[in-house]
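Construct the entire structure; sequences and hints are all you get.
Number 661 in the working numbering belongs to position 48 of the sequence shown; there are no gaps in the numbering.
No lab work stands behind these hints, which were simulated from the structure alone. One or more of the hints may lead you astray.
[To be verified] Straight line, CA to CA, 25 Å or less: simulated BS3-like cross-link-like pairs of lysine-lysine: (1) K719 to K670; (2) K822 to K719; (3) K664 to K741; (4) K664 to K636; (5) K822 to K670; (6) K712 to K741.
Note that the coordinates shown come from a computational prediction; the quantities given were computed from them, not determined experimentally.
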Amino acid sequence: QYNLQQEKMATEICFSGVQGLSKARQTLPDLIVLDLMLPDMGGLEICKVLKSDSKTKGIPILMVTAKGEEVDRIVGFEVGADDYLTKPFSPRELLLRIKAILRRLKDREGKEKVTPQSFGLLHVDPSKFQVTVGKENIRLTALEFKLLQHLLLNKGRIATRDNLLDHVWRYDAAVTTRTVDTHIKRLREKLGKAGAYIETIRGVGYRFKEKP
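Structure below.
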């Protein structure tokens, strides 16, 4: 955990399968490092549950285990693991594996950025910089479009105010979390009925819901 935090990665540790599943569904992390040997549930079973849930199936999973047999690795990949690390390993190797997975995820999201997306009356076409609600063309500023697009790319996941400052404003020193709230309010107003897709998570941030 210390080594990951040194790389500015936010981490949370769960000591049981039930706790881990609950936390994964609640926070939708960018990546899960999953130990196969947990006290209440097997790691393979946890992986199956995560990959069969529409909310968590897109989260990359790096399996960690003392088992080094090829059959264990094969089963791990069959149930949906993205990578497999056998104990003992160095903190540096773990960090490199995590970075590689996150890099692939970022590349995939980069391709998704130009793919048009529709949710009910809302249609967003990044390649044309176009947003429509029903048949009405919605005129957004570049920053409002970027804000909407970031929420869309992370739909179902909570985007904290700090996360939005980092990805949308790039932590401009003059921008505060109150500015985020103001822009979200304005974006909702412009989207009209479709503004209901943007959910406020009190005290934390915002989330784009697939159903208003």
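List in ascending order the numbers of the hints, as given earlier, that are violated by the structure.
-> Hints 3 and 6 not satisfied by this model.
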